[in-house]
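S.K.: Residues per chain, in single letters:
Number of protein chains: 2
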Amino acid sequence: MIKETKTSQVVNGVNVTDLVNTINLIQETPEISQFKFRATNKWQNGTYNQATVKDFYGALQEDDTRDPLVFNIDEPPILLGDNKGANPVEYLLVGLSGCLTTAMVAHAAAKGIELRSVESRLEGDLDIQGFLGLSQDVPVEYQEIRVSFKIDADISAAEKQELVEMAQKYSPVFNTVSKPVTVNVGLDNA
Amino acid sequence: MIKETKTSQVVNGVNVTDLVNTINLIQETPEISQFKFRATNKWQNGTYNQATVKDFYGALQEDDTRDPLVFNIDEPPILLGDNKGANPVEYLLVGLSGCLTTAMVAHAAAKGIELRSVESRLEGDLDIQGFLGLSQDVPVEYQEIRVSFKIDADISAAEKQELVEMAQKYSPVFNTVSKPVTVNVGLDNA
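Protein sequence lines, in the order shown, are assigned to chains A and B. Everything in the first sequence is counted per the working numbering, starting at 737 for the first residue and increasing by one. Everything in the second sequence is counted per the working numbering, starting at 737 for the first residue and increasing by one.
Keep in mind that the hints were calculated from the coordinates and are not lab data. Don't take each hint at face value.
Which copy is meant is left open, so a pair is good if it fits within one copy or across any two.
Keeping only pairs whose Cα atoms sit at most 30 Å apart, straight-line, the calculated BS3-like set for lysine-lysine is [stated by the list, open to error]:
#1 847 / 915
#2 790 / 847
#3 847 / 896
#4 905 / 820
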């Protein structure tokens, strides 16, 4: 449970005092919870392109203070690329892994559950006949994604299972992947 | 259109000869189109964790030849992190941007459409009340993602629009996000 103290209460490296303060602020002014996250992409050559992450909107203001984070995206040679970076479906797994982990760690912290380590392995099944347009019967998307967590903490197996449930319940990427989300794609007319 | 030549035909940096050969091989032996992509994740502290991408399965064999690709995942200070990397929902946009771009470039190449440049901007709306568990009425996932493409090529506006449609039709990440995909999350009992 969260202890009431004058100084900051930090559990699992999460400042629970700041977390509670954020929750209180949102309950007073719900609009501060609206965020807009962004990326830009520039095609380089073939299956190689580069994405950049920098600014975002949140807590009623634009934040442009981060240095640009640049990501190389490519395919392995067997998929006609040159291994200049992870491929797009691998980046999706990276985001999913991070989101489930952060949701688990933050909600464990809010409950006062101390974790020693959290590791996970992810695997997704993809039939590239969909990408190649070879079959209408083969889904273009991942057919299934499996995630396996290993948690080290002084808690019961049932409590570990509860952490796995919380991770799924509160992870934005998990819910974006497992539910249908509207993606509007168009041409920039500017 | 694809020209029949003895040497490799390369359009937009995509080796269309290899692409056609791959398609022919898949039509003879469909199982080679089954891929498994993977990531592992290790929590570091607070909202900071690290994902690694290395091996995958495809074309009937394991491929372990890549050097490990390591990704730092964190949140900005306003979301209780320390900016050690892009956040999970930003990685999802990175993957989406790369996948739409590669689908567009490869299918344009297969049609013999030469592209000079392809750029895109992505933005997704997220209300963090979902992540924080503050409201049952607020979706945990992205509420909407918008993607805007800028294409430089000697083609008509209608043909550019057709490329945007093909990108959506053939992109695995676009279809994973816009359709419901099963994600099975459990505990490693090993």
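S.K.: Is it within a copy, between copies, both, or neither that the alpha carbon of residue 847 lies no farther than 30 Å from that of residue 896?
M.R.: within (13 Å within a copy, 51 Å between copies)
S.K.: Is the C-alpha distance from residue 847 to residue 915 at most 30 Å within one copy, between copies, in both cases, or in neither?
M.R.: Within one copy only: 27 Å inside a chain, 33 Å across chains, cut-off 30 Å.
S.K.: Could you place residue 905 and residue 820 in one of the four classes (within, between, both, neither) given a Cα distance threshold of 30 Å?
M.R.: between (35 Å within a copy, 25 Å between copies)
S.K.: Have a look at residue 790 and residue 847 and pick one of within, between, both or neither, based on CA distance no larger than 30 Å.
M.R.: neither (32 Å within a copy, 34 Å between copies)
Checked against the numbered hints given earlier, this structure breaks only hint 2.
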